[in-house]
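*Asks:* Start from chain A and add chain D according to the hints.
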Amino acid sequence: MPYKHDMGLNAAFQGLLLENDPRTGVFNPRLTTARATSGGFRQFYKPGHICNSLVNCRVAAVTNKSENGQKMGLLKNIETKDLTPSGDRSGVQLVDLRAIGFTGYVSDAALNEIELNEVRANLVLTTATKFAFR
Amino acid sequence: MRLSLTGFRLDEAGAQTLKRMLAGDRSSPCAEALVAHIVDTGASFAVMEEPYTDQDYSSDYLAFYASAFKDHQRDTRRVHLFSKDVSGWFEKTLAEQVKDAEIQDHYLGFVVVRPIRQGAIGRTFLRFPDLKAPLCVRVAARATCHSHILGTKLEIVGAPFIQQDRRLGACAQASIWMASRPVHMRHRRTAWHSIAEITRLATTPTDGELSQELPAGSSGLNPLHIIRALKAMGHQPLQHGFRDSDGKPTATKACEVAMRYLDSGLPVILGMAGVNGEIGHAIAAIGYIETTGDAIKPGDSYDSFVRAFVIHDDQSGPYRYLPLTDEDAGHLPRERLLFKDSKPVTVEGSVTHMFVPLPPRVFLRAERADIVARDFLNLQAMISNKLSREASDPAVGAAIEAFFAKVKEGKFIRRTYLTTAGRYRHHLAKGDLNELIKIELVTRQLPHFIWVTELMESSSEQVTFKGARNIVGHMVVNATSSTEPSNDLLAAHFPHLLIHRNINPPRDKRDELDFEESAEIYPQDAPYGGRVRLDL
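In order, the protein sequence lines correspond to chains A and D. Counting from 94, one number per residue, gives the positions in the first sequence under this note's numbering. Counting from 11, one number per residue, gives the positions in the second sequence under this note's numbering.
No lab work stands behind these hints: they were computed from the structure. For every residue, glycine included, the Cβ atom is placed at its ideal position computed from N, Cα and C. Accuracy of the hints is not assured; some may be wrong.
[Stated by the list, open to error] Sample of chain D residues at the chain A side, in silico, Cβ under 10 Å:
1. Lys80
2. Ile113
3. Leu141
4. Pro233
5. His291
6. Ser402
7. Glu530
8. Ile531
[To be verified] Here are the simulated SDA-like cross-link-like pairs (lysine to any residue), alpha carbons at most 20 Å apart as the crow flies:
9. D:Lys519 - A:Asp175
10. D:Lys519 - A:Arg191
11. D:Lys396 - A:Leu190
The shape of chain A in the complex, shown without the other chains (with noise of 0.2 Å):
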C-alpha cells in the first residue's frame, strides 16, 4: 500500500515545489526522489520522519516498497521484517467476476441519475440573486 498523502508531493505535484528536470524543463519526481534519498539528508531525517518538504517527505517514504512491488535498493542490505498483517486464507476463494457477467460499469440509469441531479442545482444557481438571507 504505497502512500500517496504526502502534501508536500502533491504540491510539488501541483507546481508549486518544482524541481525541474534540466534536460527537458519539467518536474521530475524521481529525479527530485533520487537527490533528496542519495544525499546527506538521511543522516537528519531518519525513515518515518513527517515534515513538509519535499525533499524530506521522500525520506519518509523509503521504507515503502516501489511501484512494482520490488524492495528498494536501499533495503536490500539491511535486515527487514514484514509488518504488513495477514491471516489464514486458506478458506478464502476467488471469485472471476467478469467470467459471471459483471462489467463493473455505472448503468444508464444511474448516469441519468447524476446527470438530473447535477443539472437540478444549475437550475437554482440562475434564481439565486432574487432574494438575500437577512
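*Replies:* Chain D in isolation, oriented as in the chain A frame:
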C-alpha cells in the same frame, strides 16, 4: 486595569440577571433561549470575567465601531458557567488552582457579552443538549475550545454560536461564522475569520444588491455572496437547492441530502428563502436527532432514523431543533422548536438551500456517491445467483443469496458519509468486523477522502444508547474523483463477499481495461457496528 471575577448563583434571579445582561430590558428570543439552554445543561453557577478582550469583537470593533463618532466600549465581558458553586476553588492559591482538575469537571462553557445593544451575545461555547431514549443527539460540527480563568486552562467541546450584529452583518454572516469556525478549530485547514472579515469577503467585489444598505452587506447576503465568502475563506463551497425555478419542492428531499453532510461531521448552512418576496433566513445545522430504535419512516436513506436537525439560529438561539417533517415535530421538546404563524418550522416545509463548506480536495457530491453505491449494489444483485453458486460452502452461498434477495426487495437503508482513509481504517480496526476481511480492507490503498455507504436493515436498532447500529456491509467511493462515475467505487463488502476495484490497472492493460476487480468469498462473516462519531 485590573481583571475582576464575580460569581453568582444561577437561580431564578441569577438567570434573570444573565438575561438582562444579554438583552437589556428588551424582549429577546435569542437571549431567552440561550439562558434556558444554559439552565437545561445543568448550570447552577456563573463567573463573570471583565474586562475580557474577545478576538471576534475586537475585529468587529476595528471594522466599524472604532471609526464611529459615538464612543463604543472596546472590551467585553465573559460569563463562565459551571454545574456547581465553584467559589471555593477561587479561595485556593493560584498554584493549587492550576493543579486542581475538579473545576474542569463542572465547566459547561462560556458566553461573551458584547457591549452593543443590537446583538450582545458574542462568541459562545456551550455543551450540546442531551435527550433521553427513544431519542438521542448526534454531534456533527463541533470543536474543542480552550479558555482560561486566571492561570487555569479549561476546555469545552461544543458548536460555537454567535448572534448577528446588525451593524456588521445579518443571519447569513452569523451562519457562515457558526459553520466555519468549528472547521477552523478542528481541522486548521482554513484561516480564522471574524464576522467583519466574512462580510468583507462576501462583498468583494460589491454589487448593486449589496450596495442598497450601508455598510454594504449588512442587510443580508444572497446565495452567490455566501458561496463567494466560503470560497474566499478556503472552503470548497457546495450549494444545493431544494426548490425548482417555479418555487415548488424538488424530488430530492432536503433532509436526505443535508443529512449525508451532517453525518460526515460537517456543518451545513440551511437557507430558507422567503416565498413571494418575504425575507429569507439562514441558520447553521450542527447535529441531528435520531431515534434509538428502528426506522421511524419509510425510505432507503439514513434520514429514515432521524427526527430533526440540531441548529444554531442567531435569532432564536443556540441548539434549537428543526424537525424534518410536521409529524416529527410532535415528538420533540416544543420549547426548542422554531415557529412561524404558530406552526413549527420544518426542514421539509422551509429549507430551500443548503451550503456546505467542504474540504478543497473533495470533488464528488454525496448524492453521486450514494447513487454509484446503490447502482453497484443493484448490479451485483443481478448476478447474485451466479455469485452464490461460486461459494464452495452451501451455507455461505445461501447467505449471499439471502442478502441479495433483500437487496432486490429494497430492505436496506444506505447511510452515506464522508471520511478520511485514516479515520475509515481506524474505525474498521477497532470494530468487530471479521478480522480477515478487516485486514484486507485496511491494507488497501485509498485516496485521502472517501465516501462510505453503510448498509443496514430498517430494524437495526442502536446496540447501546447512543451506540452503533449493526450493519451488514459497506461500500467505499472515491471522494476525490470527478471524472467517470464507473471509476468512483473502490471497494465493497457484502456478507461473505469482498470486492476491490483497482482504478489504476497495470500500464500494459490500460488500453483494454478502465479498472480491474478482484472478488473474494470469505467463509466467516457477521454483522458489525457502523460508524459512531464523538459522543459528548
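*Asks:* State for each hint whether it applies.
*Replies:* Cross-check of the supplied hints:
no. : hint                : in the structure
1   : Lys80               : violated, 24 Å
2   : Ile113              : violated, 36 Å
3   : Leu141              : violated, 29 Å
4   : Pro233              : holds, 4 Å
5   : His291              : holds, 6 Å
6   : Ser402              : holds, 6 Å
7   : Glu530              : holds, 5 Å
8   : Ile531              : holds, 4 Å
9   : D:Lys519 - A:Asp175 : violated, 29 Å
10  : D:Lys519 - A:Arg191 : holds, 15 Å
11  : D:Lys396 - A:Leu190 : holds, 9 Å
In summary, the numbered hints that this structure violates are 1, 2, 3, 9.
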